[in-house]
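Number of protein chains: 2
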Amino acid sequence: MLAALERELATLNTDVGIVQTQYATWDEPLRLKSGVELTPITLAYETYGALNACRDNAVLVMHALSGDAHVAGRHAPTDRKPGWWDAIVGPGRALDTARYFVICVNVLGGCSGSTGPSSLDPESDRPYGARFPIVTVPDMVAAQVRLLDRLGIQTLHAVIGGSMGGMQVLELAINHPDRVRLGILLATTAQHGAQQIAFNHIGRQAIMRDPLWRGGDYYGHEPPAAGLATARMVGHMTYLSEERLQWRFGRELQKAEELSFAHGSEFAVESYLDYQGNSFVGRFDANSYLYITKALDYFNASDGYASLAEAFKHAQARFLVGSFSSDWLYPPHASEEIVAALQAAGRDVEYITLESPLGHDAFLLDHERLTPIIREFLTSTEESGARG
Amino acid sequence: MLAALERELATLNTDVGIVQTQYATWDEPLRLKSGVELTPITLAYETYGALNACRDNAVLVMHALSGDAHVAGRHAPTDRKPGWWDAIVGPGRALDTARYFVICVNVLGGCSGSTGPSSLDPESDRPYGARFPIVTVPDMVAAQVRLLDRLGIQTLHAVIGGSMGGMQVLELAINHPDRVRLGILLATTAQHGAQQIAFNHIGRQAIMRDPLWRGGDYYGHEPPAAGLATARMVGHMTYLSEERLQWRFGRELQKAEELSFAHGSEFAVESYLDYQGNSFVGRFDANSYLYITKALDYFNASDGYASLAEAFKHAQARFLVGSFSSDWLYPPHASEEIVAALQAAGRDVEYITLESPLGHDAFLLDHERLTPIIREFLTSTEESGARG
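Line by line, the protein sequences are chains A and B. Residue numbering for the first sequence follows this note's numbering, starting at 1 and increasing by one per position. Residue numbering for the second sequence follows this note's numbering, starting at 1 and increasing by one per position.
Warning: the hint list may mix true and false statements.
[Claimed, not checked] Just a few of them, taken from the derived set where beta-carbon distance is under 10 Å, the chain B residues facing chain A:
(1) P133
(2) I153
(3) A198
(4) V269
Don't read these hints as lab results, they were simulated from the structure. For glycine and all other residues, C-beta sits at the position ideal for the given N, C-alpha and C.
In isolation and in its complexed conformation, chain A is listed as follows (with noise of 0.2 Å):
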């Protein structure tokens, strides 16, 4: 009896328990980038904790390509596993929700409740497809923005996010810079470079050559899930490192003794893709993999300053960069050109590089050693302004 309630107590210490996701909606068009104006739009958003009296304990979590507002908790008590990054968010956790009133939103273009291609075209009156407008990092900023406004946060605390998400911190803190006090920033890029898009183009070009999508109007039919399995697999490797993929996978069969010689997967690493491909497939729109890539690669920090330091000299932030030694997608020297950017402009910085062989996804996995660092540097601030 005893020890069922303390394991029950455990978990309501480290676990933000049972969430519900949350949706917003605006009516006045959003002018994007491109000069499209946007209406109407939802955003879908889930928070955790509580918004203090002053309204100053906001953390804003930014999602990278694949996720959504789900950062932690469970929809209900039978979900199998918890948000996506669980392990971060929670009571006594990194993003202490005793402490923080932690908010996350799914990215305009995605396909987890925010407006994206797969929602109704209120002109057509069926779904975008292709003819959804091409979105920006900046424009899911925007919109983010607008959440911010209708919560009633005009400062963050803080903006944290990995990949994808550490663009839309650079964006936030550079273009918004009054709405936010600290900035962290994990194995992301100010900008792609050729090798970035190119990955990206490839699994573009499976997703659009693939008959099924049908210029994007594949809603109601089958989708293009052989396209869109191939784009999440050459993406899944730019996550991955070498070292990892052969420590876990080596050379090893999936069930038999000896090769098969035959045509199909038999090697365990053959069988962990197809897992990842299939399995992406049954969550992920291919639309929204078109649009949320684009964005990945029109991306660039500088874009209206005559440089990355120039840029900085708008923002107010405090900074803390996180990068990861076997990253090869945004390996460490990215993460340096923003550092020595930062430092440029004269802006404070805090810089770490996490000996790593998780590859990219360490942002996601290696909790245990990003807990003290992001949990010292969002307190170290408050202990400064103390000093202040």
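Mind docking chain B on chain A? Use the hints.
Same frame as chain A, but now just chain B:
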């Protein structure tokens, strides 16, 4: 007049000129590693220079995944491009055709004249398609040994190959030790690990999930161009270094001055990949891509031995092993594993690793630095032989 004559002489001095592909056919079945007996077998090959009276000046060039027998020269004066390693093979070049009898054979399973999945299956009188037996690197080499027999060459002066070509060199040197005196391995590996298998798997999946693949029976129909182009784009990425991609393309747009805010290719690197993918479809058979990548994944130089060092105890050749710093498909550590095993086996080996930004493709491109290295290795042994 004189200048024109000089130019012509210069060409005569350095170019093998017009060459013809030759064909050899056997009705005697070849027993493959799978146990299947394959018959008939045709090998397409080219030769350059002349076999000497002692029949001991032959150098066999082993080609890589998408290569063929056409190493050097032109099939017709109007050919836009010479063979794939023309800078290395010719009078006065690294493989000096004034001195050596250079041979190159299209691999079994290929699509450039040798028996492969697009060949007619004598049992059904239609192309094999996916019913072609799985072939391995040892099978490819066994077929080439047949050709050496037919050409009356007992022992090659040297065998040289990069990438998959290097695997064939390993196989020949270990399992046909009396057939070769010198082995040159460039940008290769003794076996694929999980990352290399994974990228090949994605390519194969892209082909086999293309509805036009039709279970392999697309001959006489439209080929699975989308799948093959995607496979090629994925493969091509592994041949290039991030540095080279960034230097050559960066974030440059192909035509426009500004982002299009539309679907489709617009970055220069996207157009480049589209070109690579689409042009490959015109010159390569999708089924051959499946078979040859499978052979790459299956290959393990130590198969049948307790270790790679044990395998090398059976070799008799002297070795030159070369790797390139920015090759992330078969990184220097893969070559160093080979070198360490050769040394453990007491074999004579020279190792060079070249600092190069060209990635895996450096073995095809960096002929200026490779030429003296290869030439010296081929010559030094003659001298040491003279001393013996």
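Original post:
Taking 10 Å as the limit, does the beta-carbon of B/P133 come near enough to a beta-carbon in chain A?
Top reply: Result: holds, 7 Å to nearest chain A Cβ.
Subject >> Minimum beta-carbon distance criterion (10 Å), B/V269 to chain A >> reply: 4 Å, holds
**OP:** May I ask you to test the interface hint for B/A198 with respect to chain A, counting a Cβ-Cβ separation under 10 Å as satisfied?
**Re:** Holds, because the Cβ-Cβ distance from B/A198 to chain A comes to roughly 5 Å (cut-off 10 Å).
**OP:** Please verify that hint: B/I153, Cβ, nearest Cβ of chain A, below 10 Å or not.
**Re:** 30 Å, violated
Taken one by one, the earlier hints fail for this structure only at number 2.
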